[in-house]
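This is what each chain is made of:
2 protein chains.
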Amino acid sequence: MRIAQIAPLAERCPPALYGGTERVVSYLTEELVAQGHDVTLFASGDSITKAELDPCSPQALRMSRDVIDALPHHMIMLEKVARRADEFDVLHFHIDLLHAPVIRDFADRTLTTLHGRLDLPDLQPFYAAFPDLPLVSISRAQRLPMPPVNWIGNVYHGLPRELLSLQHARKDGYLAFLGRISPEKRPDRAIEIAVRAGLPLKIAAKIDRVDQSYWDTCIAPLVRAHGNVEYVGEIGEHEKSHFLGQARALLFPIDWEEPFGLVMIEAMAYGTPVIAFGRGSVPEVIDDGVSGFIVQNVDEAVRALARLDSLDRTSVRARFETRFTVERMARDYVDIYERIATASQARGFIAARRPMLERRVV
Amino acid sequence: MRIAQIAPLAERCPPALYGGTERVVSYLTEELVAQGHDVTLFASGDSITKAELDPCSPQALRMSRDVIDALPHHMIMLEKVARRADEFDVLHFHIDLLHAPVIRDFADRTLTTLHGRLDLPDLQPFYAAFPDLPLVSISRAQRLPMPPVNWIGNVYHGLPRELLSLQHARKDGYLAFLGRISPEKRPDRAIEIAVRAGLPLKIAAKIDRVDQSYWDTCIAPLVRAHGNVEYVGEIGEHEKSHFLGQARALLFPIDWEEPFGLVMIEAMAYGTPVIAFGRGSVPEVIDDGVSGFIVQNVDEAVRALARLDSLDRTSVRARFETRFTVERMARDYVDIYERIATASQARGFIAARRPMLERRVV
Numbered sequence: 034m035r036i037a038q039i040a041p042l043a044e045r046c047p048p049a050l051y052g053g054t055e056r057v058v059s060y061l062t063e064e065l066v067a068q069g070h071d072v073t074l075f076a077s078g079d080s081i082t083k084a085e086l087d088p089c090s091p092q093a094l095r096m097s098r099d100v101i102d103a104l105p106h107h108m109i110m111l112e113k114v115a116r117r118a119d120e121f122d123v124l125h126f127h128i129d130l131l132h133a134p135v136i137r138d139f140a141d142r143t144l145t146t147l148h149g150r151l152d153l154p155d156l157q158p159f160y161a162a163f164p165d166l167p168l169v170s171i172s173r174a175q176r177l178p179m180p181p182v183n184w185i186g187n188v189y190h191g192l193p194r195e196l197l198s199l200q201h202a203r204k205d206g207y208l209a210f211l212g213r214i215s216p217e218k219r220p221d222r223a224i225e226i227a228v229r230a231g232l233p234l235k236i237a238a239k240i241d242r243v244d245q246s247y248w249d250t251c252i253a254p255l256v257r258a259h260g261n262v263e264y265v266g267e268i269g270e271h272e273k274s275h276f277l278g279q280a281r282a283l284l285f286p287i288d289w290e291e292p293f294g295l296v297m298i299e300a301m302a303y304g305t306p307v308i309a310f311g312r313g314s315v316p317e318v319i320d321d322g323v324s325g326f327i328v329q330n331v332d333e334a335v336r337a338l339a340r341l342d343s344l345d346r347t348s349v350r351a352r353f354e355t356r357f358t359v360e361r362m363a364r365d366y367v368d369i370y371e372r373i374a375t376a377s378q379a380r381g382f383i384a385a386r387r388p389m390l391e392r393r394v395v
Numbered sequence: 034m035r036i037a038q039i040a041p042l043a044e045r046c047p048p049a050l051y052g053g054t055e056r057v058v059s060y061l062t063e064e065l066v067a068q069g070h071d072v073t074l075f076a077s078g079d080s081i082t083k084a085e086l087d088p089c090s091p092q093a094l095r096m097s098r099d100v101i102d103a104l105p106h107h108m109i110m111l112e113k114v115a116r117r118a119d120e121f122d123v124l125h126f127h128i129d130l131l132h133a134p135v136i137r138d139f140a141d142r143t144l145t146t147l148h149g150r151l152d153l154p155d156l157q158p159f160y161a162a163f164p165d166l167p168l169v170s171i172s173r174a175q176r177l178p179m180p181p182v183n184w185i186g187n188v189y190h191g192l193p194r195e196l197l198s199l200q201h202a203r204k205d206g207y208l209a210f211l212g213r214i215s216p217e218k219r220p221d222r223a224i225e226i227a228v229r230a231g232l233p234l235k236i237a238a239k240i241d242r243v244d245q246s247y248w249d250t251c252i253a254p255l256v257r258a259h260g261n262v263e264y265v266g267e268i269g270e271h272e273k274s275h276f277l278g279q280a281r282a283l284l285f286p287i288d289w290e291e292p293f294g295l296v297m298i299e300a301m302a303y304g305t306p307v308i309a310f311g312r313g314s315v316p317e318v319i320d321d322g323v324s325g326f327i328v329q330n331v332d333e334a335v336r337a338l339a340r341l342d343s344l345d346r347t348s349v350r351a352r353f354e355t356r357f358t359v360e361r362m363a364r365d366y367v368d369i370y371e372r373i374a375t376a377s378q379a380r381g382f383i384a385a386r387r388p389m390l391e392r393r394v395v
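Protein chains in written order, with our numbering: chain W, 34 to 395; chain U, 34 to 395.
One chain only, chain W, in its complex shape (with noise of 0.2 Å):
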């Protein structure tokens, strides 16, 4: 198939740190690549693809020290897309909403995967202004917000396969927790797990300027008290695999809808076992006493981990790979790229008999 993956420019695909939506279009365009597909990616001009790359800023926006405001570029992608659009059997979008009055023409083509919450008050109207564009969500908990709207698919996200491999970690290791530093993502949580439960806690996680004072008056202080609880900074992808591959479990104690929560399913891949709070994706992510346990407050978390030994690493990993892999995400979108083509050929097949139809009427 002749197949479009439209990115955000904010990061290159993938990204050169931070940015989970490239990530995963870089993912899935390689694979699609890899399975012989035809694909054309529109994203950032420093993007590395085995794709044809389609150049829509000369490099990473967050990166260049010349970008104000994204917008500009986005519009200058979008009118890229707009002219090519008749080259595709099928255009996926990654853009959140930028296209959606753009694409009017060839709505039926496009697939518009939502990588965000949902639950912001400015969407509702925004959605139901388009009831026909045709999304994908990453989590049917990120569903629930949204006014009716088309959805004609829900895929999770995956990684390659042999990305991120298995690891027998040391049972008496540590816990994990790793994200960003913010009141939605309940680091004081995760350390008063850890402080209750008596095992060690590493905290690996950027701060973001917004979080800068919840970081200085709430968490800072909590990791000062306790003697077993480190802060090990922001980490990059490399080393995140001994960080998460070593540790004992990953803590997710969410105090939000998380839409999916990439960092799930890489502690899987490692096969370390995911604590997590039972909001948004993660009854989804997370299969209960398999690859980890589903718990409502910090009391169920410090009894799952005294359960810890019933879970086996390479089961927590055997669920990643049915589950969670980029051919596993590939072969969903696959299947919704077939559904769209097919129709899309039916309707342009009834358009082009339509003038003969009326002409015998006539």
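Careful: at least some of the hints might be erroneous.
The list treats identical chains as one, so a pair stands whether inside a single copy or across any two.
Taking lysine to aspartate or glutamate and the EDC-like style, the derived pairs with C-alpha atoms no more than 20 Å apart in a straight line are [claimed, not checked]:
hint : residue 1 : residue 2
1    : LYS113    : ASP165
2    : LYS113    : ASP138
3    : LYS113    : ASP155
4    : LYS204    : ASP345
5    : LYS239    : GLU270
6    : LYS113    : ASP141
Treat the hints as calculated values from the structure; they're not laboratory data.
Assemble chain U onto chain W, guided by the hints.
Chain U in isolation, oriented as in the chain W frame:
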């Protein structure tokens, strides 16, 4: 003519308080209606107009507590506009660049007035990517930083003739500074000019949050240091009349490429001359020696104040009536609308004939 006006949603039309673009759109819309045109205004739902209002958000976004992100609301507006595009002879956009990739199919029936500064680095590649988009500048100076684009006109702003009226201020009155407290508006220069000329200065200006420290550290100390300088705070439309109308002159000592500068023509409408630094639109808006003096530095401004008596308030007002009324603005725009509609009809005629011509060739 059937005309669509597409306004920003930040403020209602006309704005309750600040909002230069929405004010101009409102003046133009009401004048077009008065001239007998069939006008549809796409704007916030609390707008007040004699045109048909197509409400694109329940109320002005800046007034809505629920609104975090203005973008989805503008996307909804674009969808509404695109659905109704066939109803109009001309569609006139005032939302900068958001619509550029949306209007591909009817771009030849549109014009876009650019209301802001165009020297931001993100805009150069954007406008280079849309070389055919029909654009209107609000001053010739505004065009300078732009790559080659499709300028179809230059239309200076205008105010309703009777909105502000000639006032015979006392010759020994104060100098006025009206605008934002910000480094590019240079209130510090206004103070220096007034101090050196030995004249009283009143500053009526709002202080945006980003400019608070500029006020605290640079301007407030100057105000306190000089007995002839008074800060009167932010003033509303109804207070402007007294503030500008009773002033001996308006000081406009800008240090940036002002694209238009509505306050200059407001002063002129009251008969108040303007002492303006010759940046941006100033040489196009002020007739040196008639409606004010154009200066290049503080020395020249001080010398110009000594010559104020050579200007006649009635002549200043007359120049406003000749050049900057809403009738003149609407006339300029209608000229452009007619050119667009005629060209578009001609293209439609050719397009309609093409199949016939082609059949003949076969």
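Intra- versus inter-copy proximity for GLU270 and LYS239 (alpha-carbon distance at most 20 Å): Within one copy only: 13 Å inside, 47 Å across.
If the cut is 20 Å between Cα atoms, do LYS204 and ASP345 qualify within a copy, between copies, both or neither? within (11 Å within a copy, 91 Å between copies)
Between LYS113 and ASP165, at a C-alpha cutoff of 20 Å, which is it: within one copy, between copies, both, or neither? between (23 Å within a copy, 14 Å between copies)
Taking 20 Å as the upper bound on the Cα-Cα distance, should LYS113 and ASP141 be classified as within, between, both, or neither? both (18 Å within a copy, 19 Å between copies)
Under a CA distance limit of 20 Å, which applies to LYS113 and ASP138: within one copy, between copies, both, or neither? Both, since 15 Å and 15 Å are each at most 20 Å.
At 20 Å max between alpha carbons, let me know whether LYS113 reaches ASP155 within a copy, between copies, both or neither. Between copies only: 17 Å across chains, 27 Å inside a chain, cut-off 20 Å.
In this structure, every one of the numbered hints holds.
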